[in-house]
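Generate coordinates for the entire structure from the input sequences, incorporating the hints supplied.
Numbering of the sequence shown is given in the numbering used here, commencing with residue 1 and proceeding in unit increments.
Worth flagging that the hints you see were computed from the coordinates, not collected in a lab.
Be aware that one or more of the hints could be misleading.
EDC-like cross-link-like pairs, simulated, lysine to aspartate or glutamate; straight-line CA separation at most 20 Å [said to hold, decoys possible]:
no.: 1; residue 1: 44; residue 2: 71
no.: 2; residue 1: 49; residue 2: 39
no.: 3; residue 1: 8; residue 2: 79
no.: 4; residue 1: 195; residue 2: 229
no.: 5; residue 1: 123; residue 2: 162
no.: 6; residue 1: 8; residue 2: 97
no.: 7; residue 1: 171; residue 2: 79
no.: 8; residue 1: 123; residue 2: 156
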Amino acid sequence: MSVIILTKPDKHDFETTKLVEEFESRQIQVRVCQFKHFDVIINKGIFYKGKGIVLPSIVLVRLGAGITRKELAVIRYFELAGIKCVNTRHSVNLVQDKLHTSEILSDAGIAVPTTMVVKFPVKHDLVQTHIGFPCIVKVVVGSFGEGVYLCQSEQEYHRVIEFVDALSTDKTLIVQEYLGDNPGTDLRVFVVGGKVIGAMKRTAPIGDFRANITIGGSGEAFQVTKEIEDIALRTASILGLDIAGIDLLFDNRGFRVCEANSNPGFSGFNKYCNVSIQTNIVDFIQGHLT
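Printed below as a string of structure tokens:
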């Protein structure tokens with residue numbers, strides 16, 4: 001039995017280090033491989049650092065937003081060879097697109113914030129009528145709270161959009177309603193193998209509205225209600241995610257799904273919720289090795 005952890009960084013981050021330690025503690029052979037060292041040659045096979053490799057029993061994919069077609073091709077090779085990949089290339093590719101994710105969830109009856117694509121020239125009347133102000137402007141593909149802006153007024157929104165337009169960037173933007181019932185807070189719900197492991201309430205640092213732990217937010221354990229469990233499990237299932245971080249926004253009408261993450265970090269979750277996410281992930285992986 002062997003596992004390959006597919007990742008991008010050359011150095012092991014917290015999550016990779018903890019996962020390797022957990023696999024090794026169970027005498028499960030594990031190898032960490034960086035995407036950039038793989039070459040897929042049709043009719044010849046897959047090579048790592050120029051050498052052929054023994055195919056693993058399972059592949060744990062530790063890459064999410066920003067994944068490229070070349071990196072997806074590596075996952076696809078393993079899948080076509082009959083190797084289970086967690087998560088699949090389809091799911092990883094899907095959830096990196098926040099707009100596509102929201103469209104699919106909304107169509108399935110999952111509550112999401114009202115969202116529209118920013119097009120140039122901008123139809124400000126549509127934003128005013130259907131989104132309102134304050135509003136959130138964000139890039140379609142992004143992570144760790146990067147590329148997300150809170151526009152407090154119509155004037156501020158105009159300035160942000162005019163600036164982006166002047167850059168002539170090819171990045172796709174979306175504008176989203178701002179849910180201000182609990183400003184600067186959200187919930188990260190961790191799902192592994194169709195089970196909710198726990199929920200963490202995240203609070204933004206002073207002077208920011210983004211609650212991501214990686215940019216200075218703080219966390220605390222939050223009781224998982226039936227509503228939270230249902231919406232998180234349904235979201236993960238609809239998107240085909242075996243491992244997921246589901247981000248929920250507080251709303252007076254009930255929770256709304258902000259986004260789903262196929263490669264959620266868990267250093268903050270372990271710290272604030274007193275759980276071992278790596279143990280739950282390896283439990284799930286081990287169940288598919290026997």
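Checklist entry - Okay, which hints does this one fail, numbers in order? => result The structure conflicts with hint 7 only, although it agrees with all the remaining ones.
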